[in-house]
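*Asks:* With the hints as constraints, model all of the structure from the sequences given.
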Amino acid sequence: MVTLNAYLLVSGLLFAIGFAGVLLRRNIIIIFMCLELMLSASNLSLVAFSRFNTVNGLPNYNGQILVFFIIAVAAAEVAVGLAIIVALFRARRTTHVEDMNSMKG
Amino acid sequence: MPPVAFIIFSVIMLVFGVLVVVNRNPVASALSLVVSFLGLAALFVSLDAYFVGVVQILVYAGAVMVLFLFIIMLLDLKAEARRKINVVPMIGGCVLTAVLVLQLVSVLNTFEPGKKSLVEAPLDYAAAAAARPAVPEGKSDTIKRDLRENKLPDVRLLGEQLFTKFPFHLQIAGVLLLVSTVGVVILSKRELK
Amino acid sequence: MPSTPAIILFLPLAVAAFVLLASKGFKLNATVCALVSTASVAITLVLSLALIFGAKSDSPDEVVKLFTWADFGSLQLEINATLDRLSRGMLFVVTFIGTLVHVFSLGYMKDDAGKARYYAGLSLFMFSMTGIVLADNFAMMFIFWELVGVSSYILIGHWYTKDSAADAAKKAFLTNRIGDFGFMIGILILFGATGSITFAGVEQGLTAGVLTGGLLTAATLCIFCGAVGKSAQFPLHVWLPDAMEGPTPVSALIHAATMVAAGVYMLVRVSFLIGVSENAATIIAYVGGFTALIAALMATQQDDIKRILAYSTLSQLGYMVMAVGLAAGEAAMFHLFTHAFFKALLFLGSGAVIYACHHEQDIWKMGGLKDKMKGTFATFAIGTAALIAVPFTSGFFSKEAILEAALHHDMLLFLCAAGVALLTAFYMTRLVVVAFFGKARTGHSDHATEVPMIMLAPLMLLAFLSIFSGYSIIADTLSPAAVHSEFNLAIFLTSLGALIAGAGGAWILYAGKDKDPLNIGIFRNKFYFDELYSVIIKFAQDKFAMVVSAVDDLFIDSLCVNGISRAVNGFGLLLRRLQSGNLQGYAFVFGLGILVILYIALINT
Amino acid sequence: MSNLLYILIFLPILASIAIALGAPARLSAIGAALVNLAISLFLFASFDSTAAGYQFAASFPVIPSPEISLSVGLDGMSLVMVLLTAIVTLCAVWVSPKQVEGSLGLYYCSSLLISAGGLGAFCATDLFFFYAFHELALIPTFLMIGIWGTGARKMVAWKITIYLGLGSVILLAGLLALFINLGGKSFDMATMQAAVAAAELPATTQAWIFLTLLIGFGILISLFPFHSWAAPAYASAPTPTSMLHAGVLKKFGLYGLLRVAVPMLPGGINTPLPLPLLGEITVLDLMLWLLLGNIIVIGLVTIAQKDLDLMLGNSSVMHMGYVFLGIASYNSIGFSGAVVLMFGHGISIALLFALAGRIREHTGTLTISRLGGFGKLAPFLGLTFAFAAFASIGLPGFANFAGEVAVFLGAFKGAGTEITFLQGATIVALWGVVISAVYMLRAYRSVFKGEPHEGATMPDLTFSQRIPVLILVASLLIVGLYPPILLDKIKPGIELIAKAFAE
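Chains as they are written, first to last, in our numbering: chain A, 1 to 105; chain B, 1001 to 1193; chain C, 2001 to 2605; chain D, 3001 to 3503.
These are computed hints drawn from the structure, not numbers from a lab. It is possible that some hints are incorrect.
Said to hold, decoys possible - Listed next, with one range per pair, are the computed distances between beta-carbon atoms:
id, chain 1, residue 1, chain 2, residue 2, range
1, A, 53, B, 1156, 18 to 28 Å
2, D, 3101, C, 2026, 33 to 43 Å
3, A, 94, B, 1117, 46 to 56 Å
4, C, 2025, D, 3485, 21 to 31 Å
5, C, 2162, D, 3270, 17 to 27 Å
For clarity, every value in this text was computed on a predicted model and none was experimentally measured. Note that beta-carbon positions come from the ideal geometry of N, C-alpha and C, so glycine has one too.
*Replies:* Encoded structure:
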């Protein structure tokens, strides 16, 4: 049968894929998508823990509530983040992160 | 859920996750992400988290990804022109990811509680129904009723928790969404004054 | 009802404040201010006379407490009035000359734009000088000592738009400050050793022998430093001739009769100190003698009438200081008393001459004044006679006393004093002969007329006293100290010989001449002291200050302070490199950090 | 009655808030300063000069443990400082221009906040607020120099801010070390003082803390060699800021030494410390060396200055040396002298800066060689500048003289026939009296005496401009002519401090 570790492993791999995307891709929109992947990976872990730690024969819903909040925050983040990207694109005509280096000291 | 289904959905999820990263075309990446999220939602369902699974599809695969596609279309992003690949950051990123995976594996190897399977953590509706407190005369407990009927009132249970234990947090999340809405409106205005 | 000394002391201060406020704030007529000021000083003169005649011959010395100026718990600084023969007599001299000078100034400064300021300065000076005279402790003495310096600064620089006057005022003040520096050190050492600041307390401590040896000598010499500054003794004598840039009545009051004599007065006041410190006394005597000699030499070659008198003052002050050093304080005070009258007379007389010659001061541009200004000439001649010690004038008696003291103590100083007497006769005769005899050399002296009565009257009064103040009938009551020396033939002959030789020599050399037959550069240029000092000041102070300033700038500010700031800045620049602006660089570091933490937290345990 | 001190401190703050909300800037500022002066005079008049200890005390608890409370109170020394602050504030606000580039409100608010900081620091009897109020005053100083300064104002503003900030940090370290070593329970000064005897700190510990405090306070006072911020800052700052900082705020460090370091670290002053480069040296000896640096070195530096404002700035650094000498004498005469000197110097330097500011306003320069004959053009200006200059070089009749004489006498009190380093240093320091006369009279001679330069103009002060000048002159004269007016109030408090280490 499927063990908790299996879920955690899958979640971890998904996280790693997202992480690799953040590090390797130069397109800021794709980086953003990869961030969503990482968030989702953590959601999977949370749900898995919630299911495996039963309370009185039911999943521990605290974990799922955290997932709920993460999704809400992620939605807000996506909205704001994309708005920022649009504003940036208007100013710079690019979505390439290497072109966005005005923070260089 | 049998292991086969778990494996299938996991593989779908991971493969399309990889596609997100490697696709040169942002639209293809976005669509891959949708598929990856579908696989993820299936895994949620396999964990008896029906509500979260549905939300994942509705909010993520639906709303958020539409937003992404919208923006990609709006900005009219073509496939990236090939740029010179910087070798050092590339290798660095790959190594870091690999190390992360290695760490993960080694941690999971020694994680004893994680070795129990779903069978060893069965859902017990009767016990759950029994554990619920008594309700006053004249009121009925729909959750208890559902449990007695051997159904998992997933949404109700979540909602009960949310509104009894975390009402304040819920409101904060609401405010956050409001603020972000306002923020987005301001950011999207052409002329910032 | 405030006591008499309190009125004498504070009335001039009140008047000074009143004159300043009334003229500046309420535009009061300057002549009214002048009259108020003159009236106040006349009142103080009357009160001083009342003090003298009110005191019985055997009445004890007393200290009238006025108020506590500062109370530190363990130490009180008090403003008191000490009343003894010394202070009463000195008070008379100060207020008497002061009154005459005030009156004389009514004429002399009639049309001056800054008349109110002038009289405020005079009143302030009267206040300060009275304070010195009345002081019963070192702190009070020092306070008024400084105030005298201030009022002198104000009055010398009265015509402040004139560069020479402004410079002279500054020079006088700074030179005096150097003297005060020593004075203060002396006061502090005495205070530290005896724990007391009053004259009586310090004397008691010294009698008990708490302070001896080198430190006592040092303290005495430090106190003497104050007198060196104020009484313009060598090496701080350079300010006095320059101070003649002030109005002539001021020169008469401050730079001839009173303020410069304050040094001598102070030395006599603290004579208990000189009495116990023999080495210091010798040094003081020699400084006085040396000053008297060089000043007399310099006087022989000056052309400016006031400068001649200034050097003469220096020389006479040297006499007095010498007397103090020879433990003949009474002789010194006696000479101070007579000198005050005849020197004030000479200065006011020169003022009258200058006034009549439309502010011409060069004696070679005068001449023939004796017929045009008969009254002035007569009084001036009397003053000269007293100064060169013509027998039976006041100067003769007092100088005799000093010569006697010198003869008894130190032959070298006696010879020096005799030489000075000769030189005095020489340069004064030269002055009189050139300025008053012969014929007028310029239009100024040709058109000179006698000065008005308000200026002449003080001269006459002073002339009277120049002759008779040496006689015991006046000296015994009014003078701070009177000495009736036994007739000593040797001294009489010496002084007569010096007189005849000096006066005769000058008459022969100068009668009928239109320009100076002698030209001795070293005397004319005052032994190059001014030049020497300006070189010292330039190098020891200005250049040194510039060097110190540059070091301060370069070392402390540029190297230490800005150096540290540059080091910090450089470090910041270095750190700036890390801020690459590369988003993924940051993400990489971030991830690395997480891995490290995971390793430490989970695997390493 | 006891709330008066709170009113005193918070009135300027309230006035700045009112100005920020749109009240007329100049009117409100002068009004607040006038009320504050009235309150200070009332406090001064009703102060009981026979009682030791804090009067008009009030307390407002803020944090229970460690005990921090906004407690205020006055003893004679702080009373004098408060009076000084009130007088200088009124005059500084009064001489401020009616129009400035940029926000007039901010200009006046800054002056008021500096004043509030000063008042708070002098009134506070709680170590925490004592420190915090002084910090409050640094920010508006920075703003004033940075916005309205002249010359290299940005550079100077940063310099003073970083320098004073550094000093404050060192000071904070010292104060915290003191606090922890005295039990670490309460920031109340009286409680800490009471804990001194019980704590029985080792002398070396005390000496180290004293040294830290000396450096911390010393930077704020421009103690040699930490002085190089002062002259450029005063030269560059707008007139009211120079007046307030040089006149009032700088005294905070000296006040702090007398209030905190001297009584709470009785054994710290005479214990040798092994310092790098200097070898074994006591804090007292170190202080004497440094104050001689202030007096002689900076005195010579002052002589070399060619601009009036830099000269005044340096002279104010120099005169701090005398206050240090008063503290170093370690007896009640010296301490009283130090306090009176602080008052006198604060007033006289404020007056000098006010008058110099007036000249700069009109001529646009303060280079001495380009000015001349102003005594003839503007007699009132010349006369009052002379008063200020005379006061500054310590002539009798002005408050500074009383202070200086007491400082010198204090150094020799009980010296006996031995000339120790203290007495030797005093004798050397006396030469500074000559030095200060040299530069002051030279400058006065060049600027005010002689004939005016061709075509030069300098309007005299108007009636309204004369009022603050006359207030300052009058304060100098009253205290100078009759010092007991201050000394009587100071005495009990000072004797308490003197007693703290005598035991």
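*Asks:* CB of residue 2162 of chain C to CB of residue 3270 of chain D, is that within 17 to 27 Å?
*Replies:* Violated, at about 55 Å.
*Asks:* Looking only at beta-carbon atoms, does the pair residue 94 of chain A, residue 1117 of chain B fall within the given range of 46 to 56 Å?
*Replies:* Given about 50 Å between the Cβ atoms, the range holds.
*Asks:* Using the beta carbons of residue 53 of chain A and residue 1156 of chain B, state whether their distance is inside 18 to 28 Å or not.
*Replies:* Given about 20 Å between the Cβ atoms, the range holds.
*Asks:* Just to be sure I understand the hint, the distance between the Cβ atoms of residue 2025 of chain C and residue 3485 of chain D should be within 21 to 31 Å; is that true here?
*Replies:* holds, 24 Å
*Asks:* Within 33 to 43 Å: is that where the Cβ-Cβ distance between residue 3101 of chain D and residue 2026 of chain C falls?
*Replies:* holds, 39 Å
The structure does not agree with numbered hint 5 stated previously, though it agrees with all others.
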